[in-house]
Structures are given as C-alpha cells and as structure tokens.
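**Q** Given chain G's structure and the hints, the job is docking chains L and H onto it.
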Amino acid sequence: MANIREMTCIICPRGCQLTVEYEGKNVLSVKGNACKRGNDYAVAECTCPTRTLTTTVMTESGEVVAVKSNKAIPKELLFDAMKQINALRVSDSVRQGDVVVANILDTGADIIVTSYIE
Amino acid sequence: MLKVSLVIVGGGPAGMSAAVAAYKAGVKDILILEREAHLGGILRQCIHNGFGLHKFGEELTGPEYAARYAEQVKELGIPYKVGTMVTKITPDKEITAINSTDGIMHIKADAIILAMGCRERPKGALNIAGSRPSGIYTAGTAQKYVNIKGYMPGKEVVILGSGDIGLIMARRMTLEGAKVKAVCELMPYSGGLARNIEQCLNDFGIPLLLSHTVVQIHGKDRVTGVTIAKVDEQRRPIKETEQYIACDTLLLSCGLLPENELTKGAGIDIDRITGGAVTDQNRQTSVPGVFACGNVLHVHDLVDYVSDEAEIAGCAAADYIAGIESERVDISVRPVNGVRYTVPQRITSAQDTVVYFRVSDVFRDKKIVVRCAENVISSKKKIKLAPGEMETVKLDAKVLAGIGTGEISIGLED
Amino acid sequence: MFDVCIIGAGVVGAMCARALSAYKLNICVVERANDVCTGASRANSAIVHAGFDAKPGTLKARFNVAGSKMMEQVCRELGVKYVRNGSLVLGYGDEDKATLEELYERGVKNGVEGLAVLDREGVLALEPNVTEEVTCALWAPTGAIVSPFGLCDAGLGNAMDNGAQFIRNFEVERIESADGVYTLYAGDQKVEARFVVNAAGLYSDKIAAMVGDESFDVHPRRGEYMVLDKAYTPSLTSYTLFSTPTPKGKGILVTATTGGNVMLGPTAVDMTDKEDLDTTAEGTASIREQSARYIKGIPFGGVITSFTGLRAVGSTGDFIIHASAPGFITFGGIESPGLTSAPALGEYCVELLGNEGLVLEKKENWNPIRKPSGWYRKLDDDQKNEVIAKEPAYGNMVCRCEEVTEGEIVYAIRTNPGARDVDGVKRRTRSGMGRCQGGFCSSIVVEILSRELGIPYEQVTKSGGGSIINYGRTKGGKDNA
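For the protein sequence lines, the chains are G, L and H, in the order given. At the far end of the first sequence sits residue 129, using the working numbering, and the numbering has no gaps. At the far end of the second sequence sits residue 442, using the working numbering, and the numbering has no gaps. At the far end of the third sequence sits residue 1021, using the working numbering, and the numbering has no gaps.
For the record, the hints were derived by calculation from the structure and aren't laboratory data. Be aware that one or more of the hints could be misleading.
[What the hints assert, rightly or not] Only pairs whose alpha carbons sit at most 25 Å apart, straight line, appear in this in silico BS3-like list of lysine-lysine:
1) LYS410(L) <-> LYS47(G)
2) LYS183(L) <-> LYS86(G)
3) LYS770(H) <-> LYS116(L)
So here's chain G without its partners, still in its complex pose:
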C-alpha cells in the first residue's frame, strides 16, 4: 500500500516542502521540489537518510579545529563517527582540507579540516 510523507528538503536554504509517495523503500513520486536535488533528497530520506557531519577535533596542543565529512554519511552513524573523531588527537600543523580520518566507518567519506589556519 502506498504511503504519503511530508518533509522539508534540507539540501539548500530554500527548504522546499516535499510530498513523497512511497511503498516500502520504493519512492513512487516526489512533489513540491524546486530542483532535481530535492527529488534525490526525498528518495534518500525514504531509503537511507544521510547527513554531512560537522564537528571539531582536538590537536596535540589542546586546541580544537573544525572538521567535516566531505560527503554525507548515513544519519544513523553520526554518533559512532563522533565517538571516533572525539578520540583523535591531530597534529598542530594541520591545514584546511587535510584528511584526519579517511573513509570513516567505511562510509566512503573522509573527515577533513575546515578551519582556516594561517
């Protein structure tokens, strides 16, 4: 039996209100999206929702620098990823774009530095 789910697209700040018709893990239709990415988001939300993780990591000297996953990871893995990142101590010489964890939790996403360190 087909179900209807309402959701807010989070891909961009526009925040389109989507109406998704789905059956199990099959998405039958997506309405309300202003672009194709909205469609992709709706499909992902109904099958395997993912999020970009942004957090910080501690350096050897005790400072924190900002990091992110360079692509979205499954939502259910966010806290596991946090645990791994929180246990890290990275070099004080890291710079923006440096990979601090490669392929975190086998998701294919790397954790990279986002802080701008002059």
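**A** Relative to chain G, chains L and H alone:
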C-alpha cells in the same frame, strides 16, 4: 594623522567581500580594521555547512566560506589590521581605532564601509524572572565555547528562541553529548530556516514548543531548571500551562541586533525597524561616502547575500572615491501591507536594483506587489512567506528612470 | 592570631577594615563569598542620602548625616566614583506638600544643608522631564550617588595595602571564646582573633547568636531594580528622584548611577528566605507602573538588566550597634541609609573597640590613598599610548560595549583585593556590563582569569562556589579518549 582612501570597519564576510570588490574596481589604498585576532568574523565559529551554494555553487562550512575571501584579501595584498577595535567615527570620516601594537590611531578616510555585523539579544533585555546563576548564555556565546575554545558550557539544555543559531547549537551540543530538552519559541512560528528545524531538531527528536516561553530561571550558583509556559495570543504566559524542566543551561536565541553604535556616533540616520542605517541602492548612508553592508545594515539569513550586498557597497565606494556619478533619480521605497522593511530604503540612481525585504508574519498564497501611486510595477506569486526568510524583488532601471522622483511601495496582496 | 577579625566584606566591613588599618593592628576580613560586596551592599540604590529622612535622635540619623559629610573625601582618597547630583522628593498635591514640609524640618534638625521646598515651576526648572502631575518637591543639593561596589572594593583594597588580610570563601559556622581569644570556624579552616567585628549583614543576627547575643533579628526585604541602557541616560534625568513617603512606604526611586545608567526601583517585599535573589514579574510590573509617575517617556525597551537585592532589616527599626560579648562588636540591621553611613560606622567601630580595651596606636606610614581603579580610562590618548607602548595589553580591547581593555582586566585581578571570577571582573571594570551583557567578552575574560590565577579554564566561575561556566573539554579528555 594616517590617510587612507577606503577604510573598512570589520573583517568578516561583509568587510572582506567589500574590500575585494572595491580593490577590483580600482581602489588600491584600502585598510580593513578587524577586532578579532583573525579575519573571518562570526563565520569562524559557524562550523556547520550550508554556506556558499548561491555564491560558489557548493556547500561550504563557515570557516571554508570565510577562507575563500581571506585568501583573496591576502592574494590581492589588501592591507588589514587584526586585533584592532574602532572606537569612533566622525561625520567627516575620521576614525579612531586602538590595538596593542599601534596604540590609539586616528585615520582620515575618503570613504568608509561599515561592516561591523550584529550581536545577539542578551538576557537582560528579555526580563525573565528568577535568579541570576551561571549557565545562561546566548547561543553564539555557547557556539564560541564549543567550536573555538573546545569547552562544554552545558550538559542539559533548554533553548529559548528558535533563531538559526539556537537550532544549530541544539544539534551541535547534542552531537557533543549534551541533552537538549526543548526549544521554546514565543511566536507561533519559528524564526529559523525550515531546513534547520528538520536537520537540527527533528533529526534528534528535540521538541520545538511554539507559543512557549521561559517564565522563570531557577538555581543559585548554576542553573538547576527553568519554568516554561504556553503564551496566549497577546504573548502573555498562561499560568495553568507552567511546567518545570530540570536543566543546567539556558541558551538564548532571541534575535540579532545590528551593531550600530559607531554608526549613530557618526550622525548617520538609522532605520527604526532594521536597526541599521538608512541607505540607497549603493548602500550609501545619509553621510556621503559612508556605506554599510552585511548584518550591520540588516540581519541576513544567508551569508551569500551578505557577500552580494558587500560587493555593491565596495563597488559604490570605489565610484564615490573616483567621483563617478550616475543618472540621478529620487525615489523612496515604502514597506506596506505585511512588509516590515526594505533595504534599500531609497533609490538615487536609475539602475537595475534588487530590493531585499522581510515580512511581518507567516503568509500563504500572496502576491508581492510593487506599486507607484496606483500603478502596478511588478507582481509575483509566492506560496509561503515567513519573517525568518528574506525576500527580494527586482526593479528595472528603465522603470526607475521613468518614475524619476516619487515613491514606490512594496506590499503583499491577495 | 589576629588582633581584629571582621566578619563580612560588605561596605560596613570594608569601612571598618580601612579605619582599623590606620592603627598598628593585625587585621583580617573573612567573607563567605568569593569576593567583596556580594550581599546587601551589592544591590541597593547606590545613594548617598542627604539625611532628611531619618528620625532625629536615631542612630540612622546620626550616622547618615556624619557619613554623608565624610563620603566625598573618602571617595576622593579611594578613587571611587561619587557624584553630588542632588535629589528631589516629588510631591503630587497638598497632602504631599505638607509631608515635604515635615521632611524639610526634620532635615534641618538633622543638620542637612541647602534643603528647599520647590513649587512646580521650581521643579521644572531643575528637571523638565518630570510628569504633569508633579506639583512640588523637596530639593536636597547634598544628595549624591556613589558606586557601592567601588566603595567596598577600594575600602578593603586600601586596608589590604595597609596590611589587612582578606580571606574569601570563609563562612563562619561556629565561634568559640576562651582566654580572651575568639576562634572562628568555617569548614576545616579556622581564624583566631582577640577582637571581632560582626558586619555580616543579613546574617549579623546569626553571628551574634553564636556568642550568645539573641537580642535582635534581621529579616530580608526584597528590592527589585531595573537598569536602562546608557544611551538613554542624559536625556532622562541626572538626579535622584524619590516620591513623597506615605504610610504605605517610601515608594521607588528613579536615579542616575555613577556608571552612567538610569536605575529604577526598588520594590519592598518582606521575605523570610535570606538567599532568595529572584526577580519577579510582579516586581517588574510594579516598577514600571510607579516610575512612570515620576518622569515622562521612560524607554522600557531599553532595559538592559534587572536584579534583586535584600535589605538587612533589623527588628528594632534602627541600626543595632553594640557589643554582643566582650570585645565583640555587632553591626546589625544596617539597612538604608547604611551605605551613606558606612564611613562613619567605620570610625565608630574603632571607637567602640577602643572602649572594649583594644590598644590603638596610629601607624606613622598609613596611606589613605588608593589609585583609582579606573585610572586608565581617565588618561588622554597620548598618555594611553605611553601605557600601551609599555604594556601592550592596554591596547587589546576585550569588552566592546564598555570599551574595556585586557590591561584593565589584568589590573583588576592583580590589585587588592583582586577579582577572582567573571562577576568580579565585571564589577571592577564594567566588562560585560554593557548592552551585549558579556556575549562577546565573557569567554575572553574566562581565559584571562584562567591565565592570571593559574587555574584550568573550566574552573573559572561566574561568582565563586558552584557557579561554573564550562563543564570541561568537548573532547580529547579521558572521558572521550
């Protein structure tokens, strides 16, 4: 006294974008004055993503977005001083600034761009009853502790106000192990972006309590709890709905206020609604040669638009310094019918102009109508409008030239 | 072993310590909080009363007039902000006028100089902003405003510069007396002294009872205040405005403060809990309603903070000053005009201890002068630049709203008695007191305190005790590794 063609007050996204634009438009003698120890402004602590889609076509975090501009400032060799606080600006464009290496400086500028940003509405202004323990922070202060200093300002959190920073901090503190128990919003709608409610609250099962407020703070040394209540249509708390929530932290995300003390000191006219300067389409204020852009002018929800606006101000400052004038018109822009304010508030030259505005309430299925006297200049349909989301209308150069002198209104109609 | 131990670092304790520090004595001040001036001295109207209010013949009248006359010089010596702004008691009709005439007579009897009863025109000539309803006023040109915190801080600081010791976080729980020595216990600490001064404010009754004096009680009376943004001050009023007292009470006041703000309050509600510093919605509403009768167009949207103080109300209606036991002097029930009276109470304390047998020998080298805590702010730009060249921290602006530099914050930490927490820095420097209320600067102040005091960042508190600001690192610590 030091003499500089263009002084830019603030090295955040607005200041850096304005500097780069002015430089590219021919002004080489620029000085950016930034009070923090680094360029980047508030973006340095906004480590979440969602910046740059409009400007760079990709999703960046705050520090990454800031770096794009900081790199340009450095590559172009635009001079800047960090750790430098401007304490005074006079109407004849003399600036007093202080830092630890130069001491107190007096600088005479041909043109000034104000890009000081905004600050958060503090607790005192909210007049919440109860004690005065530690554990009450604005969301931005908490963000600085967590993201810049690496400290946890709280473990069990209630957030008052559903501004974007509050929503972002709800997720951030949850990820770092805190328990966010509720977000209370006085209004019947959220002040934040829909996507942030989705990905910062709904993702983590954090309740958003609309039409709710904090009526009392408890705790002697540190916060031990808050009493919240539902509010009626006049936003008065309803006694019978009071409930106690145990927590050690209250975060406030109750609005941003443009930081215009310097602007007022320079004798510049302020818009009562935006809290920023009254400007023309070039973002020139009532004092010729002084421009304003970014959150010091009006609070934006997207940094990309701050950059756009700063580029306008930067280019216009370059024209001003070069003595270039364009075809003059004199048109005032008036917000009517559900539109709270517009930026710019007046138009002085016939050029294609984007007017930014915010609405006063949540509206559905309305038309944004621009009128001059009774004539409709433009009309566009909108399914949903909300105070938290900035809107725009474009005005055509030819239409403006045709009006010449007069008033146009921007309002919502059925 | 101390010659004298003073309990309480409020304004009475501080003034007693300063007066005693002029003598060859070994003095200490014990304080239950983490700083000076955290009780009744902290949150009051900050008024130096002219002295027309107190009933002639009372201790209140005696020390009010004496203290009021001393205050200007004491403030000059200690570098404390004092402004003789003058006060007006506003009247609304004939009945009030009669009361004002009585107050005038009383003031003359108490020895207050320069009093005058003004008609409406006279009031308007001084303060054009008063409301239409005002018909007359009592003008007291000797009325003044002072910084209560400044007086406590500088008074105790000056005593310390002259050799006194200050012991924080010492809450007296028990006092033993044997062989002419009092032993004061607080947790696992103790202090011994031959003479004791009880200046414990709201708890002066409890302390007196520890040596068997149960002759009086002190109960708290709540007073709520609201403070307006500085931007509104010059246009609103520079005076202290009272309304004519009625049998129902004195009413609130609207006053300029030495910090440059306008303050409204206090309410007056009798309480039982001596720790309840809550502000209330009722209090706020009452202040709004009452103050609107004084001055036109009060911008309530410009309220930057509100707070509550507890007055220490004694059971006799007057100040309660006596020896609770041999060599043990108690100052109880020091409510308004306690702040005004404090310098005179300090002198009186010396006299009373002398009566109790304390040998008083003046120090030849006693220095009554303390460098004003705000010395840097008084410099011109060239002088500031000289300071910055030597100490670059004076060029690093930490608090943007009130323009407070790192140098001034470090000075506040290093100068007797010294700030030990964020509120302590705030009260000494105004850092965090402005319109953003510390949103920008508090994290930097925490960093400076951590560095200067040599304690971990997360151990820095807002106001001592359990008022911690951070719960430790987000990550990298043992819990996370």
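**Q** Hint by hint, note whether the structure agrees.
**A** Hint check:
1. The hinted pair formed by LYS410(L) and LYS47(G) meets the criterion: a straight-line CA distance of about 20 Å does not exceed 25 Å.
2. Restraint check for LYS183(L) and LYS86(G): satisfied, since their Cα atoms lie roughly 22 Å apart, inside the 25 Å limit.
3. Our distance criterion of 25 Å between C-alpha atoms is met by LYS770(H) and LYS116(L), whose separation comes to about 17 Å.
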